[in-house]
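Chemist: Protein sequence lines, in the order shown, are assigned to chains V and P.
Just so you know, we're using my numbering here: the first sequence kicks off at 12 and counts up by one.
Just so you know, we're using my numbering here: the second sequence kicks off at 312 and counts up by one.
Simulated from the structure, these hints should not be mistaken for lab results.
Bear in mind the structure is a predicted one, so any value in this text is a computation, not a measurement.
Hints may be right or wrong, so weigh each one.
[Said to hold, decoys possible] To spell it out: a stretch of chain P is covered by chain V in this simulated footprint if at least three of its residues, at any positions, have a beta carbon under 8 Å from a beta carbon of chain V; those stretches are:
(1) 357-371
(2) 376-390
(3) 471-482
(4) 554-563
(5) 611-621
(6) 632-638
[As the list claims (entries may be wrong)] If you only want the chain V side, here are some residues facing chain P, beta carbon under 7 Å, derived:
(7) Glu125
(8) Ile128
(9) Thr143
(10) Ala223
(11) Phe332
All C-beta atoms, glycine included, are put in the ideal place defined by N, C-alpha and C.
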Amino acid sequence: MFHYRPARHRGVRAALAGGAVMLAFAGVSVSGAQAQSSSAGVGVSSGATCVNPRPGHENLSGMVIGFSQSENEQNPFRAAETESVRSTAKSVGVRRLLYTNANSNQAKQVADIENMISQGAKAIIVAPLNATGLQPALEQAAQAHVPVVTIDRATAGTPCRDFITFMGSDFRKQGERAAQAMVDATNGTANIVEIQGAYGNVVEAQRSEGFAAGLKGHPGLKLLASQSGNWSATDAQHVMEQLLLAHPDINALYTHADVMTLGAIRAITQSGRRPGHDIRIVSIDGTRAIVQMIASDQVQAAIETNPRLGPAAFDALKSWFNGTPVPQTIITNDALYTRANAATSIASGAAY
Amino acid sequence: MSATLPASPRMPRPPPAAHRGAERRQRLFAVIQARGATVVLIVAALVAGLIFPAFLKPENIEDLTTAASFLGLVTLGQTFVIIMGGFDLSVGSMIGLGTVLAAYAAPYGVLAAFGAPLAAGALVGLVNGLLIVKARMAPFIVTLAALLALKGLAIVLAGESLIIADPGLFGRSANGALFGVGNLTIILLAAYAVAALVLNRTAYGSAVFATGGNEDAARMLGVAVDRTKLLTYMLSGTMAGLSGALLAAHLSSGISSAGNGYELQSIAAAVIGGVLLTGGVGTLLGALSGVLLLGMIENIINQIGSLSAAFQGLASGVFLLVAVLVQSGLTRQRSS
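Here chain P stands alone, though its shape is the one from the complex (with noise of 0.2 Å):
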């Protein structure tokens, strides 16, 4: 890892090789990394749409971001926390309790219906990240004991799930469309624009990048660690909070089982969109090609309709593997 900060935080710059042939495959593999996902993604799709009329017709893709939106906001905040050298396994459970809080504050509108699970959310990550920061915990431990908890709180207040009889307006802010295009793909696309430039374009930012690269140095160099580190928690509890609060609406229903299983698929669709587990290195764009990837695969095992569920895990996980793949020979370079 280099242990200065990043000048770019878009990609990691190599530090001066003594060879250029290797400088030029390091060059390769960065690009490989930060832009791979997204090539992979526009290049399958097309196969895809070549294989299957179906896939590239506007109402197809529009159900496959629409189903991958939920995803995809948690994993922009799992982004953040990666990048900052961290995990939040929290996420998950939090959508489940997203769900039932703003089912329960449903009926006293639609602000409610938002700001409980978006409140829950910021209240856990920064408990969150209190108990990392002050208490000195792991956060693969402390966010466990949350995913734990926050699943057994939603299932005291909802057991298996509540019905939101009359969604109304706040139904229709997930199931609505804006000039033809579904409310939930608007607002997945604008979250990762906004998000790419906090993450590229603000002293926010560039912490998270310095914070994830080396946090000693980034100590050092005066940057606002602890400070970084409860925000990040904070915003990746509010990104699953907000994908709770879009579920209930969009499935007029809180199930304390939602979300289930997401802190894991949010932590792999950031690696496979080239986020470094390692900390330091990773785009939006990447990890949203990632989201739409694992989207993308459920869709085809649809469009092939006779697959059982183990090849959508099967596909999923070579991808992972591959990505994983690419990325310890990118760790192996640079270290060389």
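Bound-form chain V, shown alone (with noise of 0.2 Å):
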């Protein structure tokens, strides 16, 4: 018989990437205060191990190891993502470290993957573009017991087997902070707009949730409305310029990326109102611009999505090979950025 899951309610989403992806988000607590991102990036990881059957103490220095990114780099994220595992590759010393980008193919990133696995990749290091999709590619490396480790977002398949760790962020943390770092920019009374993902993608579905979580318990935060920015500067843009004039009186934002905040505060601006003045902004992910302005305190907060995976990637590449155990789910150490360490943070070369 077959199964499917449908994904059309936020609850049911969230349980496709909690329990079909058959990852354990189970909850595991991340150091919340912490000023400092961590940059080897390795956080706190969950019980269940993958441990290699056969290991073969192979060195990685000297291996061809393949990275397949899936979106292109004008996002910052993915564009320091890249940058840590290419210069974990050159440090490590790999023979040669292949990289492609599916560009946001799914079809293109199984493709990609599939190439590497024939130009004699012996692991391989994928940031999946979706919560579903990679299995005839890793079903072949599977076959061709090539280790697959996943990062920054989770994707289907059977860990052990089909890949042998997810390490990331947890996204409904990430939320439950924003609405945490809300009630201390505002002193628990706001009246608060969202700028969300894209509809439809888990990563927004996740942090729509923890932030509605976070802020049960705050009567004095209302939430006004939820508006898609689609990951765009533009459309937050122009979502922010008709949130402004639908309720004048909002005096806070949350929104699930920067590049949006980016586009938002544009629409603040414009309105002839104070970003972080007559409208407190809490973001997620951390980029420099954004740790910038909360330097300059025209932004209250953001919480950190740390796009250095490079380190622990490799580290987890080398336990298996090693036959030691390797941790099913790591979750990121994101730093949360507010006005008290936003310009240590920018001279460290901590914000990306």
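Starting from the two chains in their separate frames, assemble the complex, guided by the hints.
Modeler: Pasting the structure below:
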């Protein structure tokens, strides 16, 4: 019998990410108030592990290793992530890093991974484009005994067979932490609007849910409206213009991504309001542009999405080849940027 | 544009020229346009094989044709539409919706998994065609509206994605192989072979060329222009549905964003393959060569293994530009 998992509603969609994806996002706690981003990117790991049944103790240096990126690097997160994998590959001394980019095309990501296997990659790091859709490529990797490490987005498959680990942010937790940051930024009273990522996206769903959950118990925080800004600065600007007209009493903004925050701030400024003062702002990602605005008090806080996954990914591969256990889920330490640490984070290069 | 029905639909026949040199040049342009992409494809493949020893390995060629098959099937429909003098921008979203419908229908068997997206594609094509023919709306606007609406529908139905937990026979329809050749490759080649027969050997095919060559003249000559348009948009929608069904089988998933951008890539592939954007001229072999050239660019960039995603766009853009330059040269030749 066939089974499929429709994800028509938010809750079901979250279940898709949490359950059907068969990865234990078991509510692992992230050190919330930590100011400094861990540059190694390793965070809290879950209990379940994968162990290589036939460890050959191969050395990563001298190995061909593949990295399949999902989207192009105009997005600062993608750029920082690719750079992290590339520079770690160099420092580990791999013979060759095969890099491909699926350009937001699921069929191409499958072909990219299959290309890498036929080009002799001995291990593959994948940033999956979607929560599902890599099955044929993962199967081919498993048959060729090529371990796969998935980073930043979880994808469907059986741990230890289709991939040895997933490492990345807990998007629901990010939403909850954004709500807490909003409480701190507004002393618990505000009329909030939310600009979400593209509808239908698992990341969007979890950041929305986490935020809504985090607002519970704070009756002074009212969520007036939630609309999609499509992960785009221009869309977010238009949405914010409309929201400001529809709800002139807005005094707080939560957006799912820094790029949209930048667009929304343009709309806020054009309406004659002062970002950070008339409208308190909490964002997600922790890119350099937004952390600079935090330092200059135009934005109150940003929850980081840590892109520096290279070192942890190569560590996981090293453990796999040596036969030591690899945690199935590794949740990254995501920093919280506020006025207290923004300037130092810019100076140290922690904000990407 | 020639006002008469093209005697041979495969290649534009130049009108009698006063000047022999001009005539020869014109013939040359016509040959370049019809066969240029195929020649470039073969030469580029041989050169790539010399530089990257892995490139001409059968597995890699198979990877390439498999990955290109989804774009290939929609480009087939798009080629008919462009030759007929139209555009279909709805095909990319139709693929995404097709994968989602296939994922919903998969539990009810292989026939349902193919039937649902194919029927939906035909229906979308019919609606597009009716709006263009009866309401006299521009194909660009009608199919752009369909692009937006179908994408929205796919997201409403599926969110980001649906998993097909046990794809079974449906999965094997795309991922299986016959005599060592992957099913997707076989389906792609078979579809183009059949389509070439339909385009070049049937009354419908002649009507497609006639409509695109000069719609008013075709009408006066008694060609059923409206019916041809309806059928052609339905063909395009159905091919997008088929592409979506096979993609869902290949990925064991319905993905609402699948096929994003294929509306423009399919037009680019057809144009690179020598299909004239102004209608009336084009070959399926050329269009298929255009598809495989775009696929080859992706594959070679993977073989290099260090180039950023931007190079893919850059290389595809250059190919497209060269193709359009040749075309505009040809058009100038013909009109002079």
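Chemist: Holds or violated: the stretch 611-621 of chain P covered by chain V, criterion of 3 or more residues with Cβ-Cβ distance under 8 Å?
Modeler: holds (count 9)
Chemist: Are there three or more residues in the stretch 632-638 of chain P whose C-beta lies within less than 8 Å of some C-beta in chain V?
Modeler: violated (count 0)
Chemist: With 7 Å as the cut and Cβ atoms as the points, is isoleucine 128 of chain V at the interface with chain P?
Modeler: violated (9 Å)
Chemist: Would you say the stretch 357-371 of chain P counts as covered by chain V, given the rule of at least 3 residues with C-beta under 8 Å?
Modeler: holds (count 4)
Chemist: Can threonine 143 of chain V be said to touch chain P, with a Cβ gap under 7 Å?
Modeler: At 4 Å from the nearest chain P Cβ, threonine 143 of chain V passes the 7 Å test, so the hint holds.
Chemist: Can you take a look at whether the stretch 471-482 of chain P is actually covered by chain V? Rule is 3+ residues, C-beta closer than 8 Å.
Modeler: holds (count 9)
Chemist: Counting residues of the stretch 554-563 of chain P whose CB is closer than 8 Å to a CB in chain V, do you get three or more?
Modeler: holds (count 4)
Chemist: Given a cut of 7 Å on the nearest C-beta pair, is the interface hint for glutamate 125 of chain V held or broken against chain P?
Modeler: Since chain P brings a Cβ to about 5 Å from glutamate 125 of chain V, closer than 7 Å, the hint holds.
Chemist: Against chain P, is alanine 223 of chain V within 7 Å by beta-carbon distance?
Modeler: violated (17 Å)
Chemist: According to a criterion of three or more residues whose C-beta lies within less than 8 Å of a C-beta of chain V, is the stretch 376-390 of chain P covered?
Modeler: Result for this restraint: holds, n = 3.
Chemist: If you take the shortest Cβ to Cβ gap from phenylalanine 332 of chain V to chain P, is it below 7 Å?
Modeler: Status violated, d = 21 Å.
This entry does not satisfy hints 6, 8, 10 and 11, going by the numbered hints stated previously.
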